[in-house]
Amino acid sequence: MAESPQDQIHVNPNLDELVHGISETAQQAQALREQRDVNSVVHQMLIVGLAISVALMLFGLALDLFFHRVPPTVVPNLGDVLSRMAELRPSGFLAAGLLVLIITPVLRVVGSIFAFLYERDYLYVGITTLVLVIVLVSMMLGKS
Amino acid sequence: MFTLVEIFLIGISAGMLGAMLGIGGGVILIPLLTGLVGLPIKTAIGASIVSVIATSSAAGAVYVGRGLTHTRLSMTLEIATTLGALAGGITAALIHPNLLAGIFGAVLIYVAFSLRGIKKDTEHVELTGFLDTSYLDPLTGAPVKYGVRNFPLGMAASFVAGNISGLLGIGGGVIKVPIMSLVMGLPMRAAIATSNFMIGITAATSALIYYQHGYVDPSIAIPTALGVLLGAQIGSRLGSRVQSHRLKQIFQGLLLVFAAQMLYRALTGAS
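Chains A and B, in that order, give the protein sequences.
The numbering used here numbers the first residue of the first sequence as 1 and each following residue consecutively.
The numbering used here numbers the first residue of the second sequence as 145 and each following residue consecutively.
Isolated chain A (complex conformation) (with noise of 0.2 Å):
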């Protein structure tokens, strides 16, 4: 960088045009900022997602060497993960751990459209919506 603005102290000469943009960008900032709060619900599901699945797979995998076996080379069924977590099986921690992962971004497509109903911009609503139901039905459509 050439220059550094923060070493000079531009006056100008124009009192309203300077009232009227500091005006426009504490408005900008303001909108910004509740921008913001909504992003750091998202953020929050994001890390806490994270966290869980990242937790859950090192659990499974310290059963694994606990126990001595060799880790699982194939996942349980969907149907089947809570059953073999409860019977402190390490593949029902590893699958959840998946799932937990794979979860957390549609997770987030579901955040996001209480969001834009906070925000009452329904057209994004129902494009978000939309998504949503088209992951679910892609999902679905995967199991065959």
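These aren't lab readings, by the way, just hints derived from the structure by calculation.
Model, not experiment: these values are computed from the prediction.
Please note that the accuracy of each hint is not assured.
Stated by the list, open to error - To spell it out: a stretch of chain A is covered by chain B in this simulated footprint if at least three of its residues, at any positions, have a beta carbon under 8 Å from a beta carbon of chain B; those stretches are:
#1 66-75
#2 81-95
#3 98-106
#4 122-128
Cβ atoms here follow ideal geometry from the backbone N, Cα and C, with glycine treated the same way.
Given the coordinates of chain A, assemble chain B onto it according to the supplied hints.
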């Protein structure tokens, strides 16, 4: 037999390289897992797609905090992308592995050459009256305002990106980022963040399809995903200290080697 630790190390290197180059780890992971470890291509894709989700969520948390992601644009484009991924995911499960390797080889060649055109500076953005938005530049703190151009072309490209992502288990950012920045007029930072958000959703869709077909092997996918997560953290910290021009050249060479390997695989049929 490769151990968990060795696969974890492969994950770390792919994650590091991916983060330093600003691309997902998928295009590196799949050739390493098939070529070095000798896994079937569909198992490699299953591991890659899981790692792509992990990277997207980790990076997404950072981008969202900075307000860089254009959520409205990503949701609109995502309609086309998820439809493309659905078609790709179903095709991938049915298609012959050799054909899959051939398509992957062709995409690697495309990626190697598309990397040349990406520059992070010298961009011109402006409001267009369509999906206008703004963010605060992380370096200067000044608001950057921009709008979206060439929307229909963007929708079409998003379908193709989703299709390739579902088919090959890579994120598809290598297609989305250039389209968003060069064709749709997004600033590079916003293009990367927006593409990253979309990649997570698309990859999640195809990942569950792969899971239900039994192509997600926990003994491979889990050490890979954990490795990529750790590697990406290291890579994004190292990124600024490495000469990116040199790195890019080495990486382009590597991609062409991978492409040759995949095409050889497609022709000789070593699945």
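The hints, checked one at a time:
1. 66-75: holds (count 6)
2. 81-95: This one holds; 3 residues, not fewer than the three required, reach chain B with a Cβ under 8 Å.
3. 98-106: holds (count 8)
4. 122-128: As far as the segment 122-128 of chain A goes, the hint holds, because 3 residues have Cβ atoms under 8 Å from chain B.
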